Structures are given as structure tokens and as C-alpha cells.
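Visitor: We have chain A; now place chain B onto it with these hints.
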Amino acid sequence: MSEKVLMKGNEAFAEAAIRSGCRYYFGYPITPQNEIPEYMSRELPKVGGSFVQAESELAAISMAYGGAVAGGRVFVSSSSPGIALMQEGFSFLCSTEIPLVILNVSRGGPGVGGIQPGQADYYQATRGGGNGDYHLIVFAPSSIQEAVDMMEMAFRVAEEYRNPVMILADGLIGQMMEPVVLPNPIPDAVREGILKAKPWALTGTKEGRPHNVVKSLYLKPEELENRIMEMDLKYQKAKEQLVRYETNRLEEAEVVLVAYGSTARIAEEAMELLAEEGIQAGLIRPISLWPFPYEAFDKIPEKVKAVISVELSRGQMMDDVKIGSKGRFPVGLSSRVGGILITPPEIAADVKKVLGVER
Amino acid sequence: MMRFNDKRIRVIVGHYGSGKTEFAVNYAFQLADQGKKTALVDLDIANPYFRSRERQQQLEEKGIHVYSNTFGYDITADLPAITARIKAPLEDETCHTVVDAGGDDLGARILIQFEKYWKIADCDLFCVVNANRPETDTVDGALSHINRIEQETKLKITGLINNTHLMKETTTEDIMKGYRLCSELSEILETPLKYNCCMEELQDMLQLKTKNIEDFHLFKMKRYMRSSWLDR
Numbered sequence: 006m007s008e009k010v011l012m013k014g015n016e017a018f019a020e021a022a023i024r025s026g027c028r029y030y031f032g033y034p035i036t037p038q039n040e041i042p043e044y045m046s047r048e049l050p051k052v053g054g055s056f057v058q059a060e061s062e063l064a065a066i067s068m069a070y071g072g073a074v075a076g077g078r079v080f081v082s083s084s085s086p087g088i089a090l091m092q093e094g095f096s097f098l099c100s101t102e103i104p105l106v107i108l109n110v111s112r113g114g115p116g117v118g119g120i121q122p123g124q125a126d127y128y129q130a131t132r133g134g135g136n137g138d139y140h141l142i143v144f145a146p147s148s149i150q151e152a153v154d155m156m157e158m159a160f161r162v163a164e165e166y167r168n169p170v171m172i173l174a175d176g177l178i179g180q181m182m183e184p185v186v187l188p189n190p191i192p193d194a195v196r197e198g199i200l201k202a203k204p205w206a207l208t209g210t211k212e213g214r215p216h217n218v219v220k221s222l223y224l225k226p227e228e229l230e231n232r233i234m235e236m237d238l239k240y241q242k243a244k245e246q247l248v249r250y251e252t253n254r255l256e257e258a259e260v261v262l263v264a265y266g267s268t269a270r271i272a273e274e275a276m277e278l279l280a281e282e283g284i285q286a287g288l289i290r291p292i293s294l295w296p297f298p299y300e301a302f303d304k305i306p307e308k309v310k311a312v313i314s315v316e317l318s319r320g321q322m323m324d325d326v327k328i329g330s331k332g333r334f335p336v337g338l339s340s341r342v343g344g345i346l347i348t349p350p351e352i353a354a355d356v357k358k359v360l361g362v363e364r
Numbered sequence: 029m030m031r032f033n034d035k036r037i038r039v040i041v042g043h044y045g046s047g048k049t050e051f052a053v054n055y056a057f058q059l060a061d062q063g064k065k066t067a068l069v070d071l072d073i074a075n076p077y078f079r080s081r082e083r084q085q086q087l088e089e090k091g092i093h094v095y096s097n098t099f100g101y102d103i104t105a106d107l108p109a110i111t112a113r114i115k116a117p118l119e120d121e122t123c124h125t126v127v128d129a130g131g132d133d134l135g136a137r138i139l140i141q142f143e144k145y146w147k148i149a150d151c152d153l154f155c156v157v158n159a160n161r162p163e164t165d166t167v168d169g170a171l172s173h174i175n176r177i178e179q180e181t182k183l184k185i186t187g188l189i190n191n192t193h194l195m196k197e198t199t200t201e202d203i204m205k206g207y208r209l210c211s212e213l214s215e216i217l218e219t220p221l222k223y224n225c226c227m228e229e230l231q232d233m234l235q236l237k238t239k240n241i242e243d244f245h246l247f248k249m250k251r252y253m254r255s256s257w258l259d260r
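So the protein lines, in turn, are chains A and B. Under the working numbering, the first residue of the first sequence carries the number 6, and numbering increases by one thereafter. Under the working numbering, the first residue of the second sequence carries the number 29, and numbering increases by one thereafter.
So here's chain A without its partners, still in its complex pose (with noise of 0.2 Å):
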């Protein structure tokens, strides 16, 4: 491990992903992820790789598919309209089983929106907006050391589940500083054992194997059932395998906020300023979006008086907390949106609406 710098939250996820063995970035401009591309253009050429600013960011994810199939570890990263554009790419990706690591550094919406942080992008990172029956796997980091450290595992995940994975992070953690141990490169070795690990690759015909097909398009019905059936069955594996989350003080909890990502810990300090009033709440942080933690719900004691999601969006997560829930608690919705980051007194007062409290 090196020692601790200060870094800002794009350089270190663009330097993470180096270390990680991304050696191919394609992407296109745009706020509040820019120091990416500009780390990528000036520091992948230094280690052998390569960096495309494409014409859009649909150019980006197409060169990026292909990169991918060719068998690199492959990186893209945008924000949130860029990656809308990008949402035909995903569901091709899905669809072929190619490995891929994409970060969204999320701002508001929708359409152009504005360029401060959002978390608005939740239903189309966990739901997708691409056509057919596919997921992204989804994590959600809430400082710069976690999406660092995250992204090595991204790239396993990817190439273990061959299917894309996001790293959701938003605005503010793109944009802002904090100390951070960056990981030690892998290996070269182990990079290269990447790609004797994907059989499955475009890597030419020359040493005489039979050619690899990658495509799409299934033409006869009973074909392409069987095809998202292996899809599914990988799908169930990663609800069982990829869960993660944190909780914070669910046993003494009377109220129970659900945050991801900065928000979770804006949520955090509300706690501490309801525990200075007497009430005590507890915390649900999901660290992996798709597949959700439902399963983290289950551990609420039924004294809880109520469930609350606490979102920079209009309660997209909420339909996941419901879920979870399963109708044992009120759920409600405490946010901000367009890009205003909610307070800890806003929450706070918002915890106290739903509970009915007047103090």
C-alpha cells in the first residue's frame, strides 16, 4: 500500500482504475466527471495503454464493447445524460456477456438538468433504459477510499459475472478531496493472465483454435430463451453472492433512515442531531444497488415506528426500500433534488414530520 495523499475524487477513481489493469479508456467530456478523461489521456499512454476521446459518448460505449470483446479491461465513465446515451451499449454488453467497468458520476436530470450532484439516476442504473431482460450490477460508494478500493473488485465482478458493473458515485464525490491510500498496481503477470482467462475473447485464429462468435442477435425464439435463461441464472447467483451494505445503530433504532452514496452521510450526522432530541435512528447504507439488500430489512426490530428514504431524487429508491420493507413499517421519503444536497437538520425535521413529533 502507499502512503496517504490528497486526492480529488476523478483522479483517484481514474488512477485506481490504472492500478486495476484498465489499460483502454474511451469516453466523451462532460461535467462533473472531466478530470477522468484528462487523467486517462495523460497518464494510460505512460503504461502501454490507450485513450479515445470519442465523437459521443454512444461512439464511446460501441469502442468500448469492442475493446471488451477483444478481451482488455476496459473503463468507461460519464454522468448522467452521458449515460443515457450510453444505455443502447449496456444492453449489448449484457446481452454478449462482455466484462466492462463504467462509472456514473451523477448529476441532476432530467435531460440536460444542471451539473451539481444527483441521485436521480437510481432507476436507470438498477432498472436499466436499455430493451431486454438484463442487469447492471450496480455499487454505490460513500467516500473517495471506498470507490478506490471498489474498483479493482469492479473489474473481477465484471469479468467473474461477464456482465457489465457501475460504480455509482455522485457528484460531490467526484468533485471533491479526501485523503486516500491508493492500491498497488497489480501485477504485470496477473494482467496478462487476464486475458488467457477469457477463452471466450476476439483475440484472432493464428494459433489455429475455432473461430469466437459474440452476438446478439438470436433470430429463433427458443434459442434466445435459452440464452436470457443462462442470463437469469447468473443474475440469481449475483442476488445471492454480490449483496453489500452497512448498518449503523439498527438494534436501538425508532426510526430507520436508508441512504447511499454522500447522502449517507449527510444522513449520518441527522442521526446525531435526532439523538440530541432524543430520538434514536438507525441506518441502512447500500453499498450494492442491483442487487439491493433487501435482506438488510429483515434485521429492523419490529419497535421501529417507521422506515425512511433519504434520496436526491423523488423517491426511486423508496420503491426498493417498500420492497424490502414488506409492509412491516411505514415507509417515507425525505430528499432534495436538482442538485441541492439535503442537510442533516432538513432531514432531521423530516424524520420528525413522519414520526409526528413536535419538539
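What the hints contain is simulated information worked out from the structure, not anything from laboratory work. Note that the structure is predicted; figures quoted are calculated from it, not measured. Glycine included, C-beta positions come from ideal geometry on N, C-alpha and C. A couple of the hints might just be wrong.
[What the hints assert, rightly or not] Here are the simulated DSBU-like cross-link-like pairs (lysine-lysine), alpha carbons at most 35 Å apart as the crow flies:
#1 A:K9 - B:K196
#2 A:K211 - A:K244
#3 A:K358 - B:K196
#4 B:K64 - B:K90
#5 B:K196 - A:K51
#6 A:K242 - A:K225
#7 B:K147 - A:K9
#8 B:K65 - A:K51
#9 B:K65 - B:K250
#10 A:K357 - B:K250
#11 B:K196 - A:K304
#12 B:K237 - A:K9
#13 B:K184 - A:K9
#14 A:K9 - B:K205
#15 B:K144 - B:K237
#16 B:K182 - A:K51
#17 A:K9 - B:K65
#18 B:K184 - A:K51
#19 B:K115 - B:K250
#20 B:K65 - B:K35
#21 B:K64 - B:K147
[Said to hold, decoys possible] Covered stretches of chain A (in silico footprint by chain B; criterion: 3 or more residues with CB under 8 Å from a CB of chain B, positions within the stretch not fixed):
#22 168–180
#23 264–274
Guide: Using the frame of chain A, we list chain B on its own:
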């Protein structure tokens, strides 16, 4: 209260993430506390978040005039639209002005269009250095950064600001590491190390540690730019 022996216009440049904005905002507040007519000019068009204009209201309550982009309070606009009004504090010889330029050489490029103000005798150009930033943690790294800013802007740095920190994990040893780096830079560049920035909670310890160092100028800082929940 610390008296500044600086020129009327202070332009703040440095690596992005070095803490330019936090320093600029603190400096402006201290000037205002000394009863000086003070303006803060936000020329950061490179960075979309954590801009000094986010503290516009708080600054204005202290009587500090804030000049930023054409859209005033619209802090989210990522347009490089600088209002012509920023010339007012630069031309007003009674107004102490802190200019927060964008990060790196690219962010500092914006200074070029106002160059006549920086070339007058009454202007300082301070470079903020954080020795915990990976690209400015060595003499060579910091020098090449400063050279790039100087080449881009065709201006000479007139002072160094040691703002070495690790957010809430900062120790006095971090500040001393930055002090040693900046002292070396100071000799090479033949330009003074003006201030060593230190957050309130570390001031007593740092004073004790540096009491035998002649000319150690401690600059007291408060956290204005970061929400409390970020550094829990």
C-alpha cells in the same frame, strides 16, 4: 490579529485541490475583520463545485464584495462568463482585493485577459502549495507546476503559501513537511514563503513546534468551504 504586509491586489493560483479557495476566502474574511474595504473576485471557471462564490452570502454579510460570473448567485453555471464588473475592485485603489483564480495552468489562463491589473506595482501573485497532493509533493513536481502557471500567465509568482493538509487527518507534521518543501522552493525561486496555513485546532501545537523558527508566519484558517458532514 495578523497584519498583512501584502500588495493591494492578491491573486491566488495553485494546483487544483491545493486549497486556493479556502485560503482566498479566509484571507478575505481576515481583511474585512481588519476593517478594510475588501472584495473577493472568483475567476475559477475550471471547477464546477467548491467555488468561493458558494459562500457569497456569508461574505457579503461581512461587507465583502463578491464578483463572479455574469449570473451572480447562479453558482451552478459552468459557463466561462466573467462579468466585466470585476474590473471595479481592481481599479479602485482603496479596495483590498483577493482574486481566486482557477486551478493549474489551465485555470490560471483566465488571468491573461486582465493582465494590465496584475502588472501594476500593487499586485501580488501567490501560489498555494499542498505537499500532500501527489503532483506537488516533491520540489521538482511543485516547480514544474509553478513553471507551467508562470508560462501560461506570463506572470511571476511573488509569494508561496504553504497549505499542506490532509483534511481532518492533518497533523502539524504535515504542515512542517510543507514548510520544508516551500522553504526549498522559496530559495530556488527567490521568492518568499509568505504564510503557513493552519486550521484553528492545530494552532497551539504548531506555534509550540515552530517557536524557534525565525520568520515562520502562521496563517490561521477556519473551514468555510466544506460542510461539517464531509469531515466527520
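Visitor: Confirm or reject each hint.
Guide: We went through each hint and held it up to the structure:
no.: 1; hint: A:K9 - B:K196; in the structure: holds (13 Å)
no.: 2; hint: A:K211 - A:K244; in the structure: violated (39 Å)
no.: 3; hint: A:K358 - B:K196; in the structure: holds (33 Å)
no.: 4; hint: B:K64 - B:K90; in the structure: holds (11 Å)
no.: 5; hint: B:K196 - A:K51; in the structure: holds (33 Å)
no.: 6; hint: A:K242 - A:K225; in the structure: holds (26 Å)
no.: 7; hint: B:K147 - A:K9; in the structure: violated (39 Å)
no.: 8; hint: B:K65 - A:K51; in the structure: violated (49 Å)
no.: 9; hint: B:K65 - B:K250; in the structure: holds (21 Å)
no.: 10; hint: A:K357 - B:K250; in the structure: holds (32 Å)
no.: 11; hint: B:K196 - A:K304; in the structure: holds (33 Å)
no.: 12; hint: B:K237 - A:K9; in the structure: holds (23 Å)
no.: 13; hint: B:K184 - A:K9; in the structure: holds (32 Å)
no.: 14; hint: A:K9 - B:K205; in the structure: holds (14 Å)
no.: 15; hint: B:K144 - B:K237; in the structure: violated (42 Å)
no.: 16; hint: B:K182 - A:K51; in the structure: holds (29 Å)
no.: 17; hint: A:K9 - B:K65; in the structure: violated (40 Å)
no.: 18; hint: B:K184 - A:K51; in the structure: holds (31 Å)
no.: 19; hint: B:K115 - B:K250; in the structure: holds (28 Å)
no.: 20; hint: B:K65 - B:K35; in the structure: holds (14 Å)
no.: 21; hint: B:K64 - B:K147; in the structure: holds (23 Å)
no.: 22; hint: 168–180; in the structure: holds (count 3)
no.: 23; hint: 264–274; in the structure: holds (count 4)
The structure shown violates the earlier hints numbered 2, 7, 8, 15, 17.
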